[in-house]
Amino acid sequence: MEYFDTLIVILQSTVRVSVPLILAALAGLYSERSGIFDIGLEGKMLAAAFAGAAAAAVTESALIGLGAAIFVSVCLALVHGFASITQRGNQIVSGVAINFIALGATVILGQAWFRQGGRTPQLSGDARFTTVELPFAAELADVPILGPIYSNLLSGHFLLTYLAFALVPFTWWVLYRTRFGLRLRAVGENPGAVDTAGISVTWLRYRAVICCGILTGIAGAYLSMAMTAGFVKGMTAGKGFIALAALIFAKWKPVNVMFACLLFGFLDAMSIRMQGNPLPFIGEVPVQFMQALPYMLTVILLAGFIGKAIPPRAGGVPYVKER
Amino acid sequence: MNDLAIELKGIDKKFGLVHANKAIDLRVRKGTIHGIIGENGAGKSTLMSILYGFYQADEGDIFVGGRKIEIKDPNAAITAGIGMVHQHFMLVENFTVLENVMLGAEDSQILNAGIAKARQELKRLEHEYELEVDPDAIIEELPVGLQQRVEILKALYRGAEILILDEPTGVLTPAEADHLFRILEQLKDQGKTILLITHKLREIMAVTDEVSVMRRGEMVATRTTAETSVEELAELMVGRRVLLHVEKGPASPGDVLLSVENLTVRDSRGVDMVKDVSFHVRAGEIVGIAGVAGNGQSELLQAVSGIRRAVRGKVWLDGAPVDVTGKDPSDLRHRGLAHVPEDRQHMGLVLKFDESENSILGYHDDPKYLNGLFLNIEAIRQDAAAKIEKYDIRPPNPRLKTANFSGGNQQKIVLAREMERDPKVLIIGQPTRGVDVGAIEFIHKRIIEMRDAGKAVLLVSVELDEIRSLSDRVLVMFDGRIVGERSPDTGEGELGLLMAGVEDGQEAAQ
Numbered sequence: 001m002e003y004f005d006t007l008i009v010i011l012q013s014t015v016r017v018s019v020p021l022i023l024a025a026l027a028g029l030y031s032e033r034s035g036i037f038d039i040g041l042e043g044k045m046l047a048a049a050f051a052g053a054a055a056a057a058v059t060e061s062a063l064i065g066l067g068a069a070i071f072v073s074v075c076l077a078l079v080h081g082f083a084s085i086t087q088r089g090n091q092i093v094s095g096v097a098i099n100f101i102a103l104g105a106t107v108i109l110g111q112a113w114f115r116q117g118g119r120t121p122q123l124s125g126d127a128r129f130t131t132v133e134l135p136f137a138a139e140l141a142d143v144p145i146l147g148p149i150y151s152n153l154l155s156g157h158f159l160l161t162y163l164a165f166a167l168v169p170f171t172w173w174v175l176y177r178t179r180f181g182l183r184l185r186a187v188g189e190n191p192g193a194v195d196t197a198g199i200s201v202t203w204l205r206y207r208a209v210i211c212c213g214i215l216t217g218i219a220g221a222y223l224s225m226a227m228t229a230g231f232v233k234g235m236t237a238g239k240g241f242i243a244l245a246a247l248i249f250a251k252w253k254p255v256n257v258m259f260a261c262l263l264f265g266f267l268d269a270m271s272i273r274m275q276g277n278p279l280p281f282i283g284e285v286p287v288q289f290m291q292a293l294p295y296m297l298t299v300i301l302l303a304g305f306i307g308k309a310i311p312p313r314a315g316g317v318p319y320v321k322e323r
Numbered sequence: 001m002n003d004l005a006i007e008l009k010g011i012d013k014k015f016g017l018v019h020a021n022k023a024i025d026l027r028v029r030k031g032t033i034h035g036i037i038g039e040n041g042a043g044k045s046t047l048m049s050i051l052y053g054f055y056q057a058d059e060g061d062i063f064v065g066g067r068k069i070e071i072k073d074p075n076a077a078i079t080a081g082i083g084m085v086h087q088h089f090m091l092v093e094n095f096t097v098l099e100n101v102m103l104g105a106e107d108s109q110i111l112n113a114g115i116a117k118a119r120q121e122l123k124r125l126e127h128e129y130e131l132e133v134d135p136d137a138i139i140e141e142l143p144v145g146l147q148q149r150v151e152i153l154k155a156l157y158r159g160a161e162i163l164i165l166d167e168p169t170g171v172l173t174p175a176e177a178d179h180l181f182r183i184l185e186q187l188k189d190q191g192k193t194i195l196l197i198t199h200k201l202r203e204i205m206a207v208t209d210e211v212s213v214m215r216r217g218e219m220v221a222t223r224t225t226a227e228t229s230v231e232e233l234a235e236l237m238v239g240r241r242v243l244l245h246v247e248k249g250p251a252s253p254g255d256v257l258l259s260v261e262n263l264t265v266r267d268s269r270g271v272d273m274v275k276d277v278s279f280h281v282r283a284g285e286i287v288g289i290a291g292v293a294g295n296g297q298s299e300l301l302q303a304v305s306g307i308r309r310a311v312r313g314k315v316w317l318d319g320a321p322v323d324v325t326g327k328d329p330s331d332l333r334h335r336g337l338a339h340v341p342e343d344r345q346h347m348g349l350v351l352k353f354d355e356s357e358n359s360i361l362g363y364h365d366d367p368k369y370l371n372g373l374f375l376n377i378e379a380i381r382q383d384a385a386a387k388i389e390k391y392d393i394r395p396p397n398p399r400l401k402t403a404n405f406s407g408g409n410q411q412k413i414v415l416a417r418e419m420e421r422d423p424k425v426l427i428i429g430q431p432t433r434g435v436d437v438g439a440i441e442f443i444h445k446r447i448i449e450m451r452d453a454g455k456a457v458l459l460v461s462v463e464l465d466e467i468r469s470l471s472d473r474v475l476v477m478f479d480g481r482i483v484g485e486r487s488p489d490t491g492e493g494e495l496g497l498l499m500a501g502v503e504d505g506q507e508a509a510q
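Residue numbers (my numbering), protein chains in the order written: chain A, 1 to 323; chain B, 1 to 510.
Treat the hints with caution; some may be incorrect.
Said to hold, decoys possible - Straight-line alpha carbon distances no greater than 20 Å define the calculated EDC-like cross-link-like pairs of lysine to aspartate or glutamate that follow: (1) Lys308/A - Glu141/B; (2) Lys9/B - Glu210/B; (3) Lys321/A - Glu93/B; (4) Lys188/B - Glu167/B; (5) Lys188/B - Glu203/B; (6) Lys251/A - Glu140/B; (7) Lys321/A - Asp166/B; (8) Lys424/B - Glu449/B; (9) Lys321/A - Asp58/B.
No lab work stands behind these hints: they were computed from the structure.
Produce the complete structure using the sequences and hints provided.
Listed below in structure tokens is the structure:
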């Protein structure tokens, strides 16, 4: 029973740390499936985390905080869109720039506004998201096996957590069952086909980056207003890049994205749990090794050892009508 | 007046300094196949792109079915009943046929309802026009002929009454092209109007009812096809009389200068593209390799010129064995092998360099271009100027960026560089791809001159006419093998069948 309880605890924290990854990776999916590579997931998430925490601290409302997070993130997404769609700039450069702007601006503005060394004030009460208990969670907690799974693993998360997981099938449905999804997939593969079919490539791609901005906004809000109670400098700590790795690992498919993020989240949860606790037979595994695993797995995947990850064909290439 | 499907009046379009269309007038009658012919860069594609809403004309009016309309984007063109089959297919390669056909004409936000309807409609169209294709097939798994069919279906699905085809036969085998023409005839019988853009005179004569000729952005003439001739059209295209038949005397073959034995070449995917190929080329003869693009000709050229390593086999150059699995191209060039690559823009030239730099590319270590450790710019420019003069490269400016030369002149830059080295063996891939008629004539003459000067010439081209008029012997390549050797006088039908992989072309042709 002890191992089972430990497992539940690890899985529970897996879910907790996977949520921002899932949201960010789905955000990247919308953008990259439309042919706009987005290396700026990290920056958008960070800016959103700051904007959310700051707005929530001032207004004492988590919802306003969420709104502010999404707003700021969408604005940055539009900057990326303007640079890479309208101005046909280099998408990687634009993404990197957004990461740096977010990293610097959040600290400077945080210090200027709150004078707490770049942090935002601790959020409490209505300013922070609270967890929700599923019905009968307390009553069922004592049922063996299923009880802990239901009341500890499935219940007791933030609404945003349930939203993130609900967005996975929703994204699949959008991508494969709606007109928008068909066109989105098409524009990432061959924008010329979309253009000659009488559809605006520009508008379609803008809509994709806006979707991306909304999702990274939610991811940022989750970080600073749900998982923790306030913004801390550089708090995304590479999650945007892990999400990007998960997106590649998942071969740009929504359901795979969820599993990839859960895997990477699980590795993260293990690394926290295993600090100081040696594994049987193996001994103590350095935390850094666990933290590096998602990247290593992605590199192994990209090198072609686990199937093949083929990015959207028109990805990273600005659309220019040929003469 | 009512029988006009399309009327263009005074269409004018400039791209910066380039005047692509000069006050074009065009009248296309309903229910006909109307050809538009002209050299590359004559403005055909620009005109059609204006009609399809890809570009906006600076001036001029478009009438469709007698009504004046504004076509400001492809959507407006589709609404007006105009469909277009582009030269490079506008298909999403990893989508199914059905998805491609539906794209942009989905009916509703949710796909499911539309899919059933599209499937039904597609079935009806396939039946009505005999355009069978599996709606659930993935595009990239279909042969190009079928991909083109999907493009036609796409246009018909959107209710096109007027169909524009831009250079539709460039990627097809002769048999596939004939099949396409039958489809076009059928569409015509059903009352559709077809605009066929091409630079191939043979196609114009074969299928069109009327033909309009463009030259340097102007519409120079419209003729009824039955009342004109290839010669007249060719003359209209280039503005002077051209020799379509290449004048050449009989060959006087000498020693074997290039011989290839049991060569097998693998492409980057690990597929054998050249399979156990053997042949030889003698001094003073032109050996042509005919075949549909993608049957191993490119890999053969690359292996013989040292760009790609062969898996097996030998290449002998001037009687000496060359280990093709280890030699680099520069070594071969120093031994007297000159190579005009198939793709001049990627392999033959550095487009960002100026003309003079490209004219010594790969020979830059020749002492006559050097001044100690440095390049002798003065000598290089003089050398380039001499080549420009001799090969009539226009504009005659050795300092102009190569990207700014037209296709024909770019090709002449490559030819001048390779031919002026006075090689023993000359390998030429697609000498006139994307080159205008005037330059084609010049290039063909130069190739014959090389032969008469005693060089061994290996010619690879997907243009069967070119192979037949230049070569002294024709080898046909199919699926990586040489499937036959024929004399250049062999009928097009027989060669076409060989190219299509029908074992014995002669037998099947009878």
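For this session: Go through the numbered hints given earlier and state which of them the structure violates, listing their numbers in rising order.
Result: none
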